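Here the structure of chain X is known, so what remains is to put chain H in place on it, guided by the hints.
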Amino acid sequence: MKRRHLMLSGLGLAGLPALAQAQGQTPPHAGHAPADPEAPVRGGTARIVVQEPPILTSAFITTMNIGMVSSKILEGLVSYDLDLKPVPALAQSWEVSADGLRITFHLRRNARWHDGQPFTSADVRFTLLEVSKKLHPFGRAVFANVTAVETPDPHSVTIVLSAPAPYLFNYINTYGAQILPRHIYEGTDILQNPANSAPIGTGPFRFKEWVRGSHVALERNADYWQEGKPYLDGILFRFIPDPVARSVALEAGEIDVTIGSLIPVTSLRRFSDARKYTINTEDGRFLASIFLAQINVRRPYLGDRRVRQALSHAIDRAALVRLVWQGYGKPATGPIPSSVSQYYARGNPQEFDPRRAEQLLDEAGYRRGADGRRFRINLVSGDGGSLESNRAGEFIKQAFARIGVDLELVVEDPAAFLRRVYTDADYDIMTSSLHRLPDPTLGVQRLYWTKNIIKGAPWTNGSGYSNPELDGIMEAAAGEGDVAKRKALITRWQEIAQEDSPILDLVELTWTTVSTARFRKERAQGDGMFAGLEDAWLAPAR
Amino acid sequence: MAGPGALSGAGVRRPLFRAWLPWTWTPWRWIPWTWIPWGRLAQLAPVLFGIATLNFLILQLAPGDVVDVLSGEAGAATPETMAELRRSFGLDQPLPVQYLRYLGHLASFDLGHSYRLNMPVRELILTRLPPTLLLMLSALVLAVSLGALAGLLAARHAGRWPDLLLSGLTLLSYALPTFWLGLMAIVLFSARLGWLPSGGMLTIGAGHAGLAWLRDLLAHLVLPALTLSTFYLAVYARLVRSAMLELHGADFIRTARAKGAGEWRITLRHAFRNALLPMVTMAGYQAASLLSGAVLVETVFSWPGLGRLAYEAIRTRDLNLLLGILFFSSILVVIVNLGIDGLYRLVDPRVTTGARRI
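If you read the protein sequences in the order shown, they are chains X and H.
The C-terminal position of the first sequence is numbered 542 in this note's numbering, with every residue numbered one higher than the one before it.
The C-terminal position of the second sequence is numbered 358 in this note's numbering, with every residue numbered one higher than the one before it.
These are computed hints drawn from the structure, not numbers from a lab.
Check each hint, because a few of them may be wrong.
[Claimed, not checked] Straight line, CA to CA, 25 Å or less: simulated SDA-like cross-link-like pairs of lysine to any residue:
(1) X:134 / H:83
(2) X:451 / H:78
(3) X:485 / X:97
(4) X:397 / X:298
(5) X:134 / H:119
(6) X:455 / H:315
(7) X:455 / H:75
(8) X:208 / H:216
(9) X:451 / H:75
This structure is a prediction, so every number in the text was calculated from the model and none was measured.
In isolation and in its complexed conformation, chain X is listed as follows (with noise of 0.2 Å):
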């Protein structure tokens, strides 16, 4: 490492931390005492590994990795600690109502966008009813109950609401809910404004340059309305389109951050040393990201529900964790991950079973034949995803053959796969790894839904499947506001979701942040793959 930077600098850095050097940090030892190791450095710039964005703005799209940008340079109302908890970050407070249809947010007084003009509720205002509420693919929901935002005051929003919104509260911070600058955006195409891929922001860090197909260069906003921070001077996002070239950039130190598994399970095992390198695995909890089979009900064999169940019984989710994700992830239950702690219920999970299996395809008449086979369905998957998604794929074909269960595999790019299953429906299984969101209203209701059987509209409810009991139980709690009753709806709602399994439920999702251990947080996060990073410092090279 050390080699290379003399090599090719030709500087002649000999004797001092090279890496430090390079950086233009501050050396840490120079002049007074070393202070404690563990405290905040000021300076560096943390390079981080992405996938390279379309654009740099999350207010009307959820794409991931443009929130992983974007939420060093715009903020949310609030972030979320890792219970999925709102904490406060342009809001500094903020109070319900005791009918629930009130929702003050107290603003913070010292905040302004980057380009000096102060934050004020009007801002709030115009993101929420214009951007979020109009254009944002999940905000259209979250926000429907929103008849209008109030501003008493610059420094205070109120939402009114027509019912109680509980989900609400857990889609507003940068990711779900992005404020935008009101002065930039109002009385533009939104959509095309140019500010989208040069942002303008209140965050921790100002955008200062996007060269395309290389990296998104942002420094550090001395103007922030957290005194002392951020600590780096900068943040460089580098995109490395390789797996195995962004793990030897992270090898050879090149890099010091990669988010959202950028990283292949297969190749965690080289960052294992804590003494050099940091694996975080919480930074995606907000996510709640389920890998799951989706069953076409209005296939032959698959509209049966005891064939689905025997599907489902036929997999070792335990297995398919250990042995596919080597063990970064967690067997799913139900359609809701064990993360969202405030509402899964176990209920009653199809457990691994081939015999019980066996048994219900007998029982669906769905015999094996002469050949020791019953039937040959197809499983199509997009090529977007991670490795580990084709290989599942690999892993669901060989438990199905021992069910006597033919599977043939099918791998498309994103377009052709979107085309197929929402469009065409021309598939039996469909597997992808789908964000179920801390509030099952928003991130797990638009699977099961009827209402959202939406020919050709991607990631809604694609299996068809329809059960008017459980969409009376999913509307009833979308606007229930006693938290008590609400959860109770969830339970019953987890139950039926097991039962006719139009979706298998594979694994919970761990998105892993692989680091150098120099790279440092103070705070942890629920969302930290979306956190601004003011509280972020590189350590001194030791």
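Then chain H, alone, in the frame of chain X:
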């Protein structure tokens, strides 16, 4: 163009430097007009038209469109917004209308807008073209020079150990998949030895200038350019070796030897010049295939070039962008081939652009 006070008499050629003087500075006289293949240039327009048409039609065969991708990336979308997007992109029009509109835009050199990346296609291409050109040219130069060298050495020592060694090596680099070679090079030179950076084109934020900048660029360029050159390097080496061996017993070689020329002089001046012709032909092919090879190499080395942009454009069905890139590359390939035609004349004076072989 007789200048004032010319000393010229019959049969006396005016000194060459006269033409450099400002009052007789006529740059068009220095362009070798007769070398320019006018007939080939005239063929350019229909060729480009055909390429544009084929590009357009082939892309229609891919299932799904950019609106599917945009909605998929957004996380959700209503059928109304999707229909509205298709309308505003012109995707709801019948195919012939889309085609004519596309041709119309091309004719006015308007490559359109990338709806996904929210930028004009021409701007996107122009920022990504220089890195790709640099990579391609370096790979071409490396392949030609190293390939020729290897071929020469192998031919000089035909049948002995240097020949066997070089033949083995070239066979290996011919057979190994480029991307694998690239990855192994990264693992060895970046991870193990730490000599070279693992990817990118420049150390971002280093702010190098002048010589330091050049050194930084070269350090980043070495591995991708070498990786990209391996396949054709092997091809050239084999071409040169066999051509040299074939020429070994030729009359003019024997004549040269008889008049007392040294072995290296014979090899370089007499034999190699003849062996160059098949290499030039192959270079034309290589220039075209380098573009496709660049996709893999650019991905492995995170080189910010056109190949990766094209790959992403295919995956995201960014039709305007992809058509723009394909059109641009087609022009590039046509120009390179014209250049190769010119090179023939340079290497072999017997070749003229208009003449037919007897």
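Hint check results:
The suggested pairing of residue 134 of chain X with residue 83 of chain H holds, with an alpha-carbon distance near 16 Å, which does not exceed 25 Å. Distance hint between residue 451 of chain X and residue 78 of chain H is fulfilled; the C-alpha atoms sit about 12 Å from each other, no more than 25 Å. Between residue 485 of chain X and residue 97 of chain X the alpha-carbon distance is near 19 Å, which keeps this suggested pair within the 25 Å criterion. Our distance criterion of 25 Å between C-alpha atoms is met by residue 397 of chain X and residue 298 of chain X, whose separation comes to about 21 Å.
Using a Cα cut-off of 25 Å, the hinted pair residue 134 of chain X and residue 119 of chain H holds, with the two alpha carbons roughly 24 Å apart. With a C-alpha separation of about 22 Å, the suggested pair residue 455 of chain X and residue 315 of chain H falls inside the 25 Å cut-off, and the hint holds. Taking the CA atoms of residue 455 of chain X and residue 75 of chain H, the gap is near 15 Å; set against the 25 Å cutoff, the hint holds. The suggested pairing of residue 208 of chain X with residue 216 of chain H holds, with an alpha-carbon distance near 22 Å, which does not exceed 25 Å.
Among the hinted pairs, residue 451 of chain X with residue 75 of chain H is consistent with the structure: their alpha-carbon atoms are about 17 Å apart, no more than 25 Å.
Going down the numbered hints, you'll see the structure goes against none, and every one checks out.
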